[in-house]
Amino acid sequence: MSTLEQMYQQVIMDHAREAHGRGLIEITAAGTGESHQLNTTCGDEVTLRVGVDGDTVSAIAWEGQGCSISQASISVLSELLEGESLETADATVEAFRALMQAKGEHLDDETEDLLGDATAFVGVGKYPARIKCALLGWMAFRDALIQARGAQSAAVEGGQA
Amino acid sequence: MLPDLRDDFPLLARTVRNGRSLVYLDSGATAQKPLVVLEAEDRFYREHNGAVARGAHILAEEATEAFESAREDVARLVGAPAEEIVWTPGATAALNLVANGMLQASLGAGGPAADRFRVGPGDRIVITEVEHHANLIPWQQLAARTGAELAWIPVDDAGVMVLDDLASVITGNTRVVAFTHASNVTGVVSDVATITARAREVGALTVLDGCQSVPHLPVNVADLGVDFLAFSGHKMLGPTGIGALWGRSDLLNALPPSQFGGSAITVVTMETTGFLDAPQRFEPGTQPVAQAVGMGAAARYLMGLGMDRVAEHEARIARILREGAAALPGVRLLGPVGGDGTAVLGLAAVVVEGVHAHDVGQVLDDRGITARVGHHCAQPFHRRLGLTGSTRASAHVYTTEDDAHAFIEALAGVREFFGVTV
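Top line first, the protein sequences correspond to chains D and L. For the first sequence, the numbering used here gives the first residue as 1, with consecutive numbering after it. For the second sequence, the numbering used here gives the first residue as 162, with consecutive numbering after it.
Quick caveat, the hints were computed from the structure, so don't treat them as lab data. Be aware that a few hints might be false.
Unchecked claim - The following residues of chain L were derived to be distant from chain D, with all beta-carbon distances above 10 angstroms:
no.	residue
1	T176
2	R178
3	E208
4	D276
5	E290
6	A305
7	A328
8	T355
9	E362
10	L385
11	S419
12	T427
13	H519
14	D527
15	V534
16	G535
As the list claims (entries may be wrong) - To spell it out: a stretch of chain D is covered by chain L in this simulated footprint if at least three of its residues, at any positions, have a beta carbon under 8 angstroms from a beta carbon of chain L; those stretches are:
no.	region
17	36 to 48
18	65 to 76
19	79 to 90
20	147 to 157
Keep in mind it's a predicted model, so treat the numbers as computed, not measured. Positions of the beta carbon are idealized from the N, C-alpha and C atoms, including for glycine.
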């Protein structure tokens, strides 16, 4: 498999064509957050919403435009993390960042289990210019999740007062 | 016809991903350097490095001589007297020098001589919709800071400037018209004569962005009839970090400087400073001397080839790139094909339907083809065409017909690679 085919694995092509979670619907949850991220080198962008209920990422919705790597990455993320615990979501975000820094090398089995389909992005690590594309949605998710958690805590405290 | 020049450019001999030979098609972004340029810079540091225009020792003399003779070479390339060439760190800096000089004048600097540079509420600054950000943002910011109005010459759906209604854009209150000599996206050469004639009718200054023209076409400032011309060294086979501003000497001597420091002055007291005449008034501090020497060598190399022959060579490459791209199904060429009286540079920016520019670029890269992807620093122009980006192949003197064919062949396979059929 060429390095090009390693990057554009079938699972990435499939997600790029039929993206999961696309459509910026309203989210109702104990805490919600929204983040807009822009890749200034190419103008690609994503707006992503996250809902948190207790210890769970209860909903993810997004709208974006960009290359197949960025769009597929957001799609994989939303399929992977919706319904997961906050702890797993945090660990998965960190694992994906580690994968991007791995210069095309695979990570240990435990980390790759966590990443599931997102492991397919391993080839992107060989192309420094494309790492930003793959990370775009993940950065939006991380940012939105911080807000959603904050909103949930604020609502809980407000309720107690 | 130009001979095969690839042996003059050492970098072109290297291999890229998977040992493939390099097909360099990103000269519009930055050009590769011939040996004569590399050697001129190297020789300067090895043999002549010293402080320019300072000190009485032999190295200072030789460095000054090298620096000033490079200025003469660059001046000759654009048909100007040497004292009308100002060294700048690049074309962006050259355009900012004019815009910032106008801002200084608008703040009151320069006395009565600087009146023609003053702008404020009720005045108009005109640019065009095809501009590179380097010739857009300085004027947009000048307008914002002075209260002048920014207006622009529009483009049609094909991305070509619309000059039919020029009088309604370049109005009587227009003080300056800044426009590109040739688009870095469509490659279309602007109708300088028409725009300049209208600007002159209303007494507006004209500033031409020559980044894409000076390296590729015969350019003569006297024929162009503009007031200022900015161009960069690295796009014309010279080093990075150096560029030039040409301006009519009466204008340069009246334009207030906006960068201050040593060397550019006559008498300095604790309260006041007298500035030298151009070009020195705009060259404070230690200049990029070796880079200027390299740019001079690049100018000599281009003049040695003959700019007519350079233009003819690139027109041939343009035909292969543009006709080839236009004939591919599912590929949109930005701008007209050219060759029918429309002058275009040796470049082609394309959109592959259903495939993002980054993905196109990656497939090309896998074949050793280096093209530019994205908005090419022309966001408003891409937005006007309903796009966020495109993929651009751009040529220079060393580009071969095989390079151009390789681009078209690789482009033809992109949609299949991504499984796009509609």
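Now the hints, each set against the structure:
1. T176: 15 angstroms, holds
2. R178: Non-interface label on R178 (chain L) violated, nearest chain D Cβ at 7 angstroms vs cutoff 10 angstroms.
3. E208: With a cut-off of 10 angstroms, E208 (chain L) remains clear of chain D, as the shortest Cβ separation is near 38 angstroms.
4. D276: Per Cβ check, D276 (chain L) is outside 10 angstroms of chain D; nearest 39 angstroms; holds.
5. E290: 17 angstroms, holds
6. A305: 21 angstroms, holds
7. A328: Given a closest Cβ separation of 34 angstroms, the condition holds.
8. T355: 32 angstroms, holds
9. E362: Label holds. Min Cβ-Cβ 38 angstroms, cutoff 10 angstroms.
10. L385: Non-interface label on L385 (chain L) holds, nearest chain D Cβ at 33 angstroms vs cutoff 10 angstroms.
11. S419: 27 angstroms, holds
12. T427: 44 angstroms, holds
13. H519: 4 angstroms, violated
14. D527: About 4 angstroms separates D527 (chain L) from the closest Cβ of chain D, which leaves it inside 10 angstroms; violated.
15. V534: At about 7 angstroms from chain D, V534 (chain L) fails to clear the 10 angstroms cut-off, so the statement is violated.
16. G535: Violated, since 5 angstroms does not exceed 10 angstroms.
17. 36 to 48: holds (count 4)
18. 65 to 76: Our answer is that it holds, as 5 residues pass the Cβ test (under 8 angstroms) against chain L, meeting three.
19. 79 to 90: violated (count 0)
20. 147 to 157: violated (count 0)
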